[in-house]
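> Residue 248 in full-length UniProt numbering sits at position 248 of the sequence shown, and the numbers go up by one each step.
FYI, nobody ran anything at the bench for these hints, they're computed from the structure. Check the hints yourself; a few may be wrong.
[Stated by the list, open to error] Calculated cross-link-like contacts (lysine-lysine; reagent style DSS-like; alpha-carbon spacing at most 30 Å):
(1) Lys125 <-> Lys115
(2) Lys179 <-> Lys125
(3) Lys54 <-> Lys125
(4) Lys202 <-> Lys115
[Stated by the list, open to error] Label-pair ranges, simulated between beta-carbon atoms:
(5) Gln217 <-> Gly147: 36 to 44 Å
(6) Glu248 <-> Asp195: 48 to 56 Å
(7) Glu248 <-> Ala222: 18 to 26 Å
(8) Thr182 <-> Ser42: 29 to 37 Å
(9) Ser264 <-> Gly147: 29 to 37 Å
(10) Asn244 <-> His220: 43 to 51 Å
(11) Lys179 <-> Gly85: 46 to 54 Å
Only a predicted model underlies this, so the values are computations on that prediction, with no experimental measurement involved. Virtual Cβ for every residue (Gly too), placed ideally from N, Cα, C.
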Amino acid sequence: MSALSRIIQRRLLTDRLSCRLFPGHKDIRGVAPTVRTASSSSPVSLTYDVFDGKGESTPLVFLHGLFGSKSNFHSIAKSLVQRTGRKVLTVDARNHGNSPHSPVLTYEAMASDLKHLLAQLRIEKCVLIGHSMGGKTAMTTALTQPGVVERLVVVDISPAQTSTRTNFRYYIQAMQAMKIATDIPRSTARRMAEDQLRSLVKEHSVRQFLLTNLVEQNGHYAWRVNLEAISAHLDNIMSFPQFNTTYEGPTLFLGGASSAYISSEDYPEIQRLFPNADIQYIPDASHWIHADKPLDFISSIISFLHS
């Protein structure tokens with residue numbers, strides 16, 4: 001059976017895992033950071049959190065998806081430190097979380113940001129793990145800077161056009177139209193925001209995910225993501241750059257069995273760009289595998305590290 005057609009069901013981990021968080025840049029939950037704007041040509045200085053393992057193995061670096069942030073992988077990172085002893089980094093992409101805003105939002109720019117961060121932290125090699133948009137940034141990094149990527153994990157995305165599978169235009173439209181009164185409690189602001197999102201964002205779980213970006217500063221509520229840049233570059237984000245290079249390192253494409261983001265139609269392009277790729281699916285998982293099936297997700301990552 002081809003590596004590209006195997007579907008591996010992972011056993012559940014049963015142990016409860018925890019560790020101590022060492023922040024690279026401190027976050028203050030619920031308070032909007034002062035937006036820093038980067039020039040269009042230079043890499044931005046990404047915010048990140050470090051979960052410090054005691055082992056000497058290559059660190060793991062997690063990249064989140066569109067509208068996400070480094071906190072999306074905090075519980076996963078803690079578990080992996082406990083299980084593997086490795087250092088784990090979770091990173092905010094440009095225009096997301098507490099990282100600076102920039103009018104440019106391309107995979108080449110985001111890969112350049114990551115290279116800049118790894119150089120700052122003196123990380124010569126990493127295991128790069130990216131979900132959705134972060135998976136495309138991870139693939140771009142591996143294809144353009146293979147020397148820094150020891151292993152690659154691409155979570156529920158492929159090097160293919162994905163615009164037909166998403167409702168992100170509606171999400172952006174709803175977020176841009178939102179109006180929230182000033183000087184009201186945060187809980188009230190969240191309820192008002194969710195009510196306004198409901199007409200265009202039908203799924204409760206997606207509304208809750210988008211609301212993680214609602215922040216308050218001096219009584220005013222706003223989105224911390226750069227909606228203008230995301231909207232301007234959405235076609236680029238949904239597509240993938242053209243490459244004639246390959247990444248020869250060990251690669252895992254990890255899909256949700258209930259998601260359409262990695263289909264059999266994508267297999268030839270995956271095999272062309274990543275000849276040592278294995279494709280696996282986690283049963284009963286949607287696009288947000290790490291949230292739906294965190295224990296299976298952790299088990300899959302650990303098995304891949306040991307393979």
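> None of the hints should be skipped; say for each whether it holds.
Outcome of the hint check:
Between Lys125 and Lys115, the direct Cα distance comes to roughly 10 Å. Compliance with the 30 Å bound is thereby established for this hinted pair. With a C-alpha separation of about 44 Å, the suggested pair Lys179 and Lys125 falls outside the 30 Å cut-off, and the hint is violated. Taking the CA atoms of Lys54 and Lys125, the gap is near 17 Å; set against the 30 Å cutoff, the hint holds. Using a Cα cut-off of 30 Å, the hinted pair Lys202 and Lys115 is violated, with the two alpha carbons roughly 37 Å apart.
In this structure the hint that Gln217 and Gly147 lie 36 to 44 Å apart at CB holds, the actual value being about 41 Å. For Glu248 paired with Asp195, a C-beta distance near 51 Å keeps the hint of 48 to 56 Å intact. Distance hint check for Glu248 and Ala222: the Cβ-Cβ separation is about 44 Å, which falls outside the suggested range of 18 to 26 Å. A hinted range of 29 to 37 Å holds for the C-beta pair Thr182 and Ser42, which are about 35 Å apart.
Look at Ser264 against Gly147: about 32 Å separates their beta carbons, and that is inside 29 to 37 Å. A hinted range of 43 to 51 Å for the beta carbons of Asn244 and His220 is consistent with their spacing of about 48 Å. Restraint check, Lys179 to Gly85: a C-beta distance of roughly 49 Å satisfies the suggested window 46 to 54 Å.
In summary, the structure is inconsistent with hints 2, 4, 7 from the numbered list given earlier, while agreeing with the others.
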